[in-house]
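Participant: Below, each chain spelled out in residue letters.
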Amino acid sequence: EAGVAQSPRYKIIEKRQSVAFWCNPISGHATLYWYQQILGQGPKLLIQFQNNGVVDDSQLPKDRFSAERLKGVDSTLKIQPAKLEDSAVYLCASSLEGYEQYFGPGTRLTVT
Amino acid sequence: GEDVEQSLFLSVREGDSSVINCTYTDSSSTYLYWYKQEPGAGLQLLTYIFSNMDMKQDQRLTVLLNKKDKHLSLRIADTQTGDSAIYFCAVISGGYNKLIFGAGTRLAVHP
Numbered sequence: 001e002a003g004v005a006q007s008p009r010y011k012i013i014e015k016r017q018s019v020a021f022w023c024n025p026i027s028g029h030a031t032l033y034w035y036q037q038i039l040g041q042g043p044k045l046l047i048q049f050q051n052n053g054v055v056d057d058s059q060l061p062k063d064r065f066s067a068e069r070l071k072g073v074d075s076t077l078k079i080q081p082a083k084l085e086d087s088a089v090y091l092c093a094s095s096l097e098g099y100e101q102y103f104g105p106g107t108r109l110t111v112t
Numbered sequence: 001g002e003d004v005e006q007s008l009f010l011s012v013r014e015g016d017s018s019v020i021n022c023t024y025t026d027s028s029s030t031y032l033y034w035y036k037q038e039p040g041a042g043l044q045l046l047t048y049i050f051s052n053m054d055m056k057q058d059q060r061l062t063v064l065l066n067k068k069d070k071h072l073s074l075r076i077a078d079t080q081t082g083d084s085a086i087y088f089c090a091v092i093s094g095g096y097n098k099l100i101f102g103a104g105t106r107l108a109v110h111p
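Listed in order, the protein sequences are those of chains S and F. Using our numbering, read the first sequence as starting at 1 and increasing by one per residue. Using our numbering, read the second sequence as starting at 1 and increasing by one per residue.
Bear in mind the hints are in silico, worked out from the structure with no lab data behind them. Since the model is a prediction, treat every value here as computed from it, not as a measurement. Keep in mind that the hints are not guaranteed to be accurate.
Unchecked claim - Covered stretches of chain S (in silico footprint by chain F; criterion: 3 or more residues with CB under 8 Å from a CB of chain F, positions within the stretch not fixed):
1. 14-25
2. 40-51
As the list claims (entries may be wrong) - Only pairs whose alpha carbons sit at most 27 Å apart, straight line, appear in this in silico BS3-like list of lysine-lysine:
3. F/Lys36 with S/Lys11
4. S/Lys71 with F/Lys67
5. S/Lys15 with S/Lys71
6. S/Lys71 with S/Lys83
7. S/Lys15 with S/Lys78
8. S/Lys44 with F/Lys70
9. S/Lys11 with S/Lys44
10. S/Lys15 with S/Lys44
11. S/Lys44 with S/Lys78
12. F/Lys36 with S/Lys44
13. S/Lys83 with S/Lys11
14. F/Lys36 with F/Lys70
Cβ atoms here follow ideal geometry from the backbone N, Cα and C, with glycine treated the same way.
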């Protein structure tokens, strides 16, 4: 069974630029999560989708971050404009029944 | 809000047992997890325990849960160099199964 796929693996941008990350969850997994992991910290949930709908985006900085999940499968997370403090690893995870979350390899973002 | 705390660093000799500890604040957490993260990689789900259990064993891994003290531990028997990684404790919180993570414990295994 293929795992969670993410791209790109690495991205370097200048502050105020925009960037987008892509995630393809494990086939059949209805729930998709985006986490932000700042260096030296544990992952923090940004947004959670159940199929196409958002169920929790309480920690998403909505003035600059947006996410969508079209057709209940792939998802994209966008940052516009980026700030220095957005430098982090962005992890995508998916789950079938909610209590086992499987993570992708992450996208390491550096904002200069 | 919910909080999960772990010690930041543990160093063990190859072949010894490792014990990584975690405390949490949300007494309603139904599932509690241990994830492993190697350099440059995502998080690997190692094991988890349901809140009505005290112990779960899976090969070299033993999870102990003390609900009264809100304390979770992970014991790795016969620790190998390949076990060197960061180990994250996480608990389910809220109605939508949000995971709350600790800051991670870096395990260093030396010969």
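Participant: Decide, hint by hint, whether the structure agrees.
Facilitator: Hint-by-hint comparison with the structure:
1. For the region 14-25 of chain S, the proposed coverage by chain F is not satisfied: 0 residues have a C-beta within less than 8 Å of a C-beta in that chain, short of the threshold of three.
2. Counting residues of the region 40-51 of chain S whose C-beta sits closer than 8 Å to any C-beta of chain F gives 8, which meets the bar of three, so the coverage hint holds.
3. Using a Cα cut-off of 27 Å, the hinted pair F/Lys36 and S/Lys11 holds, with the two alpha carbons roughly 24 Å apart.
4. Between S/Lys71 and F/Lys67 the alpha-carbon distance is near 40 Å, which puts this suggested pair outside the 27 Å criterion.
5. Distance check on the hinted pair: S/Lys15 and S/Lys71 sit about 32 Å apart at the alpha-carbon level, beyond 27 Å; violated.
6. Between S/Lys71 and S/Lys83, the direct Cα distance comes to roughly 30 Å. Violation of the 27 Å bound is thereby established for this hinted pair.
7. About 14 Å separates the Cα atoms of S/Lys15 and S/Lys78, which keeps this hinted pair within 27 Å; it holds.
8. With a C-alpha separation of about 21 Å, the suggested pairing of S/Lys44 with F/Lys70 holds against the 27 Å cut-off.
9. For a cut-off of 27 Å, the pair hint linking S/Lys11 to S/Lys44 stands: about 20 Å separates their Cα positions.
10. With a C-alpha separation of about 22 Å, the suggested pairing of S/Lys15 with S/Lys44 holds against the 27 Å cut-off.
11. Pair hint S/Lys44 plus S/Lys78 holds up; C-alpha atoms about 16 Å apart against a cutoff of 27 Å.
12. At roughly 16 Å between alpha-carbon atoms, F/Lys36 and S/Lys44 fall within 27 Å of each other, so this suggested pair holds.
13. At roughly 14 Å between alpha-carbon atoms, S/Lys83 and S/Lys11 fall within 27 Å of each other, so this suggested pair holds.
14. Distance restraint check for F/Lys36 and F/Lys70: the Cα-Cα separation of roughly 21 Å lies within the 27 Å cut-off, and the hinted pair is therefore satisfied.
Checked against the numbered hints above, the structure breaks hints 1, 4, 5, 6 and satisfies the rest.
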